[in-house]
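Trainee: One-letter residues, chain by chain:
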Amino acid sequence: MNIYQPLLTTVTEVIDETSDTRTLRLQFQDEALRKDFSFKAGQFGEYSVFGAGESTFCIASSPTREGYIECSFKAIGKVTTELREVNIGDTVGFRGPYGNWFPVDDWKGKDVVFVAGGIGLAPVRCVIWNVLDRRDEFGDVTIVYGARSVDDLVYKRELEEWGSRSDVKMVTTVDPGGETPDWTGEVGYVTPVVEKTAPKADNAVAVVCGPPVVVKLTLPVLEKLGFSDDAVFTTLENRMKCGLGKCGRCNIGPVYVCKDGPVFTAAQMKALPAEF
Amino acid sequence: MSDRYFISDADLRGLAADLLGAGTEVVAPVATDICQSPSAIAATACTLDHSLVDIDYRSLATADDLDLDRGLPQLSLKGYFLPEHEALCRWKQKGTTTEVIEVPTEFAPRVVLAAKPCDSAALEVVDKVMNWDYKDELWNGRREATTIVNLACPVIDDSCFCTAVGSAPDDVKGADGLLTPVAGGYVYEPATDKGRALAATHKARFDADVAADTVGRQADDERAAARERVAGNLEIDAASVRDWIDTHFEDPLLSQLAIRCNGCGACTSVCPTCHCFDIVDEQEGVGRGTRRRCWDTCQAPTFTLHASGHNPRDDQHVRYRQRINHKFAIYPLKFGEVLCTGCGRCTRVCHAGQDLVEILQAIDIAARRPRDDASGPAADEPAEAAS
Amino acid sequence: MTDVATAPAYTGVEDMRRIARELLEAGDVRVIIGWEHARRGARPVFVSDPADTDKLIFDTRCVHNLVTYLNPRRDAVAELGKIGLVVKGCDVKAVAGLLREAQLTRDDVVLIGVRCGGVLEENELPAALALTPENVAPRCHGCDNREPTLTDHLVGEPQPEPPRPVMTIDERVAALDAQPLEERWAFWTDQFSKCVRCYACRQVCPLCICERCIVEKTQPQWIESSAHPRGNFSWNITRAIHLAGRCVDCGECERFCPVGIPLSLLNRKLQHIVRDRYDYTVSDDPENAAPIGDYRLDDQQEFIK
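Those protein sequence lines, which keep their order, are chains L, V and P. Going left to right, the first sequence walks through residues 1 to 276 as our numbering numbers them. Going left to right, the second sequence walks through residues 1001 to 1387 as our numbering numbers them. Going left to right, the third sequence walks through residues 2001 to 2305 as our numbering numbers them.
The hints are simulated quantities; they were obtained by calculation from the structure and are not laboratory data. Ideal Cβ positions, reconstructed from N, Cα and C, are used throughout, including at glycine. Some clues are possibly wrong.
What the hints assert, rightly or not - Simulated crosslink set (DSSO-like; lysine-lysine; CA at most 30 Å straight-line): (1) Lys1094/V - Lys35/L; (2) Lys1173/V - Lys270/L; (3) Lys78/L - Lys2194/P; (4) Lys1128/V - Lys74/L; (5) Lys196/L - Lys216/L; (6) Lys35/L - Lys1135/V; (7) Lys1092/V - Lys2217/P; (8) Lys2217/P - Lys1094/V; (9) Lys78/L - Lys1173/V; (10) Lys1203/V - Lys216/L; (11) Lys78/L - Lys2217/P; (12) Lys1173/V - Lys259/L; (13) Lys2194/P - Lys74/L; (14) Lys270/L - Lys1334/V; (15) Lys1135/V - Lys40/L; (16) Lys40/L - Lys1334/V; (17) Lys1334/V - Lys78/L; (18) Lys35/L - Lys1092/V.
Unchecked claim - Examples of chain V residues toward chain P, derived with CB under 10 Å: (19) Leu1075; (20) Ala1239; (21) His1310; (22) Val1318.
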C-alpha cells in the first residue's frame, strides 16, 4: 500500500444534473471503510477511472451523511469524459480526503450566506447540507445560486427542497435570456442578485464559489454589504495530480492549493500572487 | 569504532567487488567513451573526440567500471530514488470487478559509492516534501535501502556554487559517509549508523589506524581548499534572496532574466532537487494497466493547464519565474531549505545561455539595494558582482 | 582543443552593430535579437537600447538558431515589439518556413543576414576557435546558403567554405543505411531509450509551432507521456515525420538534447527521402512551397496503393 494507491468505490447512483454535468454517488467497496470513512466539508478527492486517469473534485456530499460520498463534474477532459460513461455497479477509484475544510464549527450562532454560480455549487452544496443537517446551531441561512440558463442549474431537486424550507432563504437566478416561460425565479447575473438580496453582514459569514468571474465580481459586493475579508470563504481549484503536496504543480506562489487550501478566506485569496 | 579510516585505492575497488560479489547493487559514476554504444554503427558514426567521456551514475557490472576521477555525472542521483517513470499501482478489471495490485515499497539494500556531495545533499532537501504530512513510501523505501558514500569534490568549474546554498564540496548531508582522496587512497569518515556499519561489515578493507597528523591533515587541507574555490564562484544572502523573490513577484527583473529561456526543461531533468511529477494511467491490455508517475517539468506549457483551457502560467517567462520562485523562495519558506544544492548542471546544460550564477547574483544585488520606502533602514550598498 | 587557433575576427561585426543601432534609433525595430559574449560562451541577447548594440558579436560559437524566438507562442518576446533578427543562412530558412506556413508576415521582422563560414560543434567556449575538421559542426559541410537572399541587410565578407568534418552527416546516414534492419532497429532503440521526454528538441525548434503539440493531447492520448521505450519511439518518430519537408537542418534539436540523441541523422534521412520523392529541398525562398503544404498534378503517386 502506498499513498498513491486508490481505494475502490462502486457507483450506486447516477444523476445527470444538466446536459454536461453529472453527479455520482459512490459507496466504498470495503465494508469497514463505508462506516469509518469521514471527512470535513470542503475537502476533495482524486477520483479515477482505471485506464483514463485521475481527476480532482470536491467531495460534494455532506460529512453528516454516512455510507456514501458524491462528486459532481462537467465532462470536459479525458477523465471526466470517461466518468460520464460509468454506470451503476462500475468501479471508481478514490484517494482522499485531501486539503483543508470550511471551519463550520466556528460559524455556530452566525448567519450563513451561500453564493454560487454554475457548477460552483458543488463544493458549496456539501457545506450547505452540513449546515442544514445541524440547522439549530446557526442563524439565518441564505442561498443565492445562479447559472447561465434553467438547464444549467445543478442539483435542481435540492434547489426545490431548499426553497421549500421555511428556515432557508433560497434565491435562484438565471442569466438574462436563460429563463424559460414558466420560470418563477430571478433573472439576472448572480452578482446583482446578491446585491438585491442584501444579506446582513453583521454576525454573518459568506461562502462564495463559482467561475472566476462570479467570485471576482461578488467579493466587492459582499465587501460593500459589510462583510470583512475574514468572514468570506471561497474554494479555489488548480490543476492537480497528486493532491497531497508532492508533485509541485498546484501552487499559487507559496500556497499549495491541495494542502494550504482549497478553502481560503477572501483575505488569504487577495494575498495570493496573480497566478491563478 | 573509529571516526576515520584509511582505505587504499585497491581496497576501495575491492570493497566494490565484495559488495557485488555478495549480490548488493553498487551504483557509482561510470565513465563511457562519449560515442560508445552497444551498436557498432554508433561507434563508427561518431565524429567527436574519443578522449571525451560521459560520466553517469550506473549500476556497476564489475568493480573495474568504477570511475574515481571526480568528474560530474550528467544526471544526478535523483533517478535512483524518484525514477523517470515508476509504477504506483496496477489494476486488473473483469466485468465490474476491479483488483488493485500493490507495488513493493521495500527495496533490496544497495550502496552508492563516490557520490557527489551536491547530489546527496539534494536527497535530504527533497526528503522534506516527500514527508510533508503524507509519507511517500516509494521514495522513503529507496532512501532507507541505500547507503551513500560521498567522494569529496575538487569543484568542477565556475558554474558550481554549492557553498552559496548551504552545502559544500565535502558535505555529508543526505549521505552516510565521506571519502577524501589522499596519497595512496582515501580517508573515510562515516557520518551515520549505515556509514559505520559499512566499515564494520567490511573491516578488512578499512584501516582504522589513520595517522591524524599527516593523512588526516592532508584530507582536511584539500577539502578546505575546495570550499574556498567554490565560494569564490558565488556568494549570496539566501535569506534576502528568498524575501526579495517573495515580495517582488511582478518585478520585471525576473522576466528580463528569463528572456532567453526556450522552455526545453533540460534544466529540470538534470537537476538533483527538481521533483515535480505527473501521474498517468496506461492501459496495457484488455482489463489491465499501470498507474505511473513520471518526471514532469514546470517549464512545460501544459504543466498548469486546466481542462477548461485556462492556464495560469501561459508564457515562458512566467514559467521560468516559477522555477526560481519554487527553488529560492517557496521551498525555503515552507521547509527551511533552498531547493538547490549548487551543482551547476542547469547552467551547463542550458544551450540558450541561461546562467543561474548570473541570475542569483542579479537577484542578490537587487535584494541588497536600498529600499524604496523611507521607513525601513537603508540596506548596504549593492555588493560588487562576485568574480 | 588547446592547440587550435582562435578564429580570426569576423569582418561584418561593425556593420552589424551599426545597422542594429540605426534600426533601433530610427524606431524601425524595438528589439534586436542577436548574440553576445557571456561567461560560458556566446549566447542569445535581446538589445533594446541603441547604446547596447556593442554587445553584439558574431563568431564560430554563434550556433544558436535565433528564429526560435519568433515562435508565435512567445508572448513575452512579442510584447517587446518589432524584432530585428540576426540570422545565418541555415537559420533564415526557418523564417522562410514560417512565412510559407503563414505564421509570420514579411513585415513582422527585419532580417540582418550574416555571411557565415561555419560554426563549432562544441560551442560553449570562452573564446571562438578556428574551424578544423575535428571541431566543425558536421551540418555546415555542403551548406547551400552562404549568401542568404531572404534578408534586409547582409553583412560580412564571403567566408571560406567550412572544413570537411571527419565524417559528414551524409556519410553517417549512409553507414547506418548500409546496416541490416535489425542493426538499425537496435541502434535507434538504444538511442531512444536515453530519452527523458524533456521536449527540449521541440521547444527549441523554430518550426515546432503547434499551439497544442500532439504529445499534449489527451483525448485520445496519441503518445504516452512516460519515458519508456514504447512512448519514446512514438514521440521521436512522430516529431521527425512532422518535420519532413520542413526541417532546415539547423541542428538545434540535437544540440539541446541533454542525453545526446543524434537527431541530425533522422532529420537528414528524411530530407533525402523528401528530395528523392518530391524533388524538394528546403531553401530560404518563401515562395518555394513545401510538399506537405502543396500539391502538384505531376506529384509521384506510385506509392499510393
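Trainee: So, for every hint listed, does it hold in this structure?
Mentor: Cross-check of the supplied hints:
1. Lys1094/V - Lys35/L: Distance of about 27 Å is within 30 Å: holds.
2. Lys1173/V - Lys270/L: 38 Å, violated
3. Lys78/L - Lys2194/P: 29 Å, holds
4. Lys1128/V - Lys74/L: 36 Å, violated
5. Lys196/L - Lys216/L: Holds, at roughly 17 Å.
6. Lys35/L - Lys1135/V: 25 Å, holds
7. Lys1092/V - Lys2217/P: Answer holds: Lys1092/V to Lys2217/P is near 26 Å, not above 30 Å.
8. Lys2217/P - Lys1094/V: 28 Å, holds
9. Lys78/L - Lys1173/V: Violated: Lys78/L and Lys1173/V sit about 43 Å apart, past 30 Å.
10. Lys1203/V - Lys216/L: Cα-Cα ~69 Å, so violated.
11. Lys78/L - Lys2217/P: OK: Lys78/L and Lys2217/P at ~9 Å, within 30 Å.
12. Lys1173/V - Lys259/L: Given pair Lys1173/V, Lys259/L holds - Cα atoms ~27 Å apart, limit 30 Å.
13. Lys2194/P - Lys74/L: 39 Å, violated
14. Lys270/L - Lys1334/V: Status holds; Cα separation ~20 Å.
15. Lys1135/V - Lys40/L: Distance ~22 Å between Lys1135/V and Lys40/L Cα, so the pair holds.
16. Lys40/L - Lys1334/V: 24 Å, holds
17. Lys1334/V - Lys78/L: 33 Å, violated
18. Lys35/L - Lys1092/V: 26 Å, holds
19. Leu1075: 8 Å, holds
20. Ala1239: 26 Å, violated
21. His1310: For His1310/V, the interface hint is violated, since the closest Cβ of chain P sits about 14 Å away, which is over 10 Å.
22. Val1318: 8 Å, holds
Comparing the model with each numbered hint stated earlier shows that hints 2, 4, 9, 10, 13, 17, 20 and 21 do not hold.
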